[in-house]
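Could you fit the two chains together into a complex? Lean on the hints.
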Amino acid sequence: MGRVVGVVRDPVAGAVARLLMAGAIASVVLVAAGVVLMLAAGLRPTADSGPGPDPASIVADVVGLRPAGLLWAGLLLTVALPTARVALALAGFLRLGDRRASAVAAGVLGVLALAFAVALATS
Amino acid sequence: MAVTLLLAAGGLGAGVFGALLGLGGGILIVPLLTLAFGLPFREAVAISLLAVITTSSASAAVYLERGVANLRLGMTLELLTATGALAGGLLAFILDERLLAGIFAAMLVYVAVSMARRREAGIDERPPDLVVDPTADASPPANGFAATLGGPGYAIRRLPLGLALSAFAGLQSALLGVGGGIVKVPAMHLAMGVPLRVATATSNLTIGVTASASAVLYLLRDALDPYVAGPVVVGVFVGATAAARIAHRVPLRVLRLLFVVVLVYVAVQMAGRAFGVVLG
Chain A
770 MGRVVGVVRD PVAGAVARLL MAGAIASVVL VAAGVVLMLA AGLRPTADSG PGPDPASIVA
830 DVVGLRPAGL LWAGLLLTVA LPTARVALAL AGFLRLGDRR ASAVAAGVLG VLALAFAVAL
890 ATS
Chain B
2 MAVTLLLAAG GLGAGVFGAL LGLGGGILIV PLLTLAFGLP FREAVAISLL AVITTSSASA
62 AVYLERGVAN LRLGMTLELL TATGALAGGL LAFILDERLL AGIFAAMLVY VAVSMARRRE
122 AGIDERPPDL VVDPTADASP PANGFAATLG GPGYAIRRLP LGLALSAFAG LQSALLGVGG
182 GIVKVPAMHL AMGVPLRVAT ATSNLTIGVT ASASAVLYLL RDALDPYVAG PVVVGVFVGA
242 TAAARIAHRV PLRVLRLLFV VVLVYVAVQM AGRAFGVVLG
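Chain order of the listed sequences is A and B.
All letters in the first sequence, in the order written, are residues 770 to 892 by this note's numbering.
All letters in the second sequence, in the order written, are residues 2 to 281 by this note's numbering.
Bear in mind the hints are in silico, worked out from the structure with no lab data behind them.
Positions of the beta carbon are idealized from the N, C-alpha and C atoms, including for glycine.
Treat the hints with care, since some could be wrong.
Stated by the list, open to error - Pairwise CB distance ranges (calculated):
#1 A:Ala816 to B:Phe276: 24 to 30 Å
#2 A:Leu863 to B:Val110: 42 to 48 Å
#3 B:Val265 to A:Ala856: 28 to 34 Å
#4 B:Arg254 to A:Arg787: 43 to 49 Å
#5 B:Val110 to A:Gly783: 25 to 31 Å
#6 B:Leu162 to A:Gly833: 51 to 57 Å
#7 B:Leu162 to A:Ala853: 28 to 34 Å
With the rest of the complex left out, here is chain B (with noise of 0.2 Å):
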């Protein structure tokens, strides 16, 4: 009962975040089975991967009543995300754990300077109805079919970067459990132009296609405990619809900032198990 509770209660707070940020909540659900429970590395991918598809469909269907999630842009991204994560779930199973763990706590270092870059650069917060973003190009809108993928207010700028960033996503999404928000989000915003509200709505949205491509070999594999998921699945769902619904009031600044704290703890627990170092 009492590890079943834990397990759901992991999965509320990898919800919360994942939605709120667009990043899945894979981040934070690897480390907790692998650290805290014990599990195999690509076990925790895999029950990862259905968190995160969790996580996607419960606040995309919010973002996108909304009118927050851009569905198009995100259709077209998927393209290459899926490609990616297609090849990163034949790759996962040839790698070395250890070597998937040392690969896990770098990415986690990257997100957590990220994330306390965009807290520092004091990103506009306010909902996304209606936003001045400040970092919005502009530039001329695009020619051709990235005209078609912009929203009101905004344009698609040097949308082949964004496709070649985005089949990158799917790749790492694949290897270590995440959704690839910690790509698509940056990508999204600094390269493709899209402004951060939509950016993390449509990283929601993608990440469930980037995750099913590659859940699927994990569960035709049998790399997956029912009795573990379960009540991770149930957890993420609950957090990541509520986060959904209240991601417009929810100070993200506070919110970064312990997130960082979070990440880099995590990535020296992975950094650890990597060079097979017990950390406290």
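Same shape as in the complex, but just chain A (with noise of 0.2 Å):
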């Protein structure tokens, strides 16, 4: 016979999933925006080469409307989102004074920032 299993309630988790859904919303409609207007450009995935990332000029690209601008600021920010998860987590857990939990986010950022600096450093 089984056990009965339920549900796990996390203080943190709320908080958590909000700041999941409303980034995953915003770079969606970032990206979805880009994909219109690269249609409108007359852009044809896989037939044309879009540009690589180039931040200095994101902003200028995401308000003149220019397709791999919008384009590349959803798919950034797309990348960064699990970080600023595990950032709001960490938050969460310090607030609730366990530690335990706030060493094991604290050790998760510091592997997703050595990813960051191996891949700068590689590149």
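Structure follows, in structure tokens:
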């Protein structure tokens, strides 16, 4: 006979859930707008190559409604969202005084920071 | 226009499967982009990693809100999966593409067999809110750190084994552009005693961090085309969000059977690519 298992109610989870949904919607809205502008400009995926990311010009490209700028803004936000989620969880665990969970969250952030440093060093 | 719609439709399908099964969707996106659209393997992996993050964010938000995903357990496993993903992301630029395709094909066969067996085993598919899990371990709760990671009705077993498997999940995630859920879900459910629905939801939460650890490597090496990634990401978001909201109502047995068929077909295609054989 199995045991009854229920749901997990974590006080930090609600805040993390709201951040994930808001961030995912924001990134997809940016990407979707970029796709619409890409189509309007007659650009074809797989046939036309898109430019690489250029953080220096992204804001200007978004304001100027250039497809690549909107696409990259959304895609970079997508990549950054999990890190933001871990940072928010860390803040929540610290506020609750949960030292073990805080240490784990800080460790995950450290690995993500290391990944970014390695990517910068080897790119 | 047609290519854009096809990419978005492919992303939508991958998002649905990924969110429902905790796999992230990369398992369908990489074959789709390489076999149907002729993209280089690494470019397909880079786009797939973005799709995995999108699936994770969209579906984990719902699963966390409903209290199904276990945040503390997920973050503990993330420590090792992110480390494995970092190593895998570096290895991916050294290994031959045909070798990667061969590994991918072998992985697909493994997943197909696992899914077929799970279907035969008749795992409980009722909503996660109140499930009697016949496979749950009746052993006493774990002591120490592991004891703080369990949930109502289940305790965490064999945490070191789960952590080791998580590191392997991160490695293969970065190498192959998949979420790592194909390792994490069985690791949590079979090795650590986590109920299947909780394992699937928690896997959806963790795959985002795993994928982002290696996605940044691909991004900074210009291995990503925004014109292809855009439509795929939009499709994945729509599919993953919808799937997470209806997950408890979907007959997973039928879905698993379809998934096994698709996996076997794609495995054959990828094996053909690995050995330089063009298949119908």
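For each hint, the structure was consulted:
1. A:Ala816 to B:Phe276: 24 to 30 Å: holds (29 Å)
2. A:Leu863 to B:Val110: 42 to 48 Å: Once the Cβ atoms are compared, 45 Å apart, the range 42 to 48 Å for valine 110 of chain B and leucine 863 of chain A holds.
3. B:Val265 to A:Ala856: 28 to 34 Å: violated (41 Å)
4. B:Arg254 to A:Arg787: 43 to 49 Å: violated (33 Å)
5. B:Val110 to A:Gly783: 25 to 31 Å: 40 Å Cβ-Cβ, so the 25 to 31 Å window is violated.
6. B:Leu162 to A:Gly833: 51 to 57 Å: holds (53 Å)
7. B:Leu162 to A:Ala853: 28 to 34 Å: With Cβ atoms ~31 Å apart, the hint holds.
This entry does not satisfy hints 3, 4, 5, going by the numbered hints stated previously.
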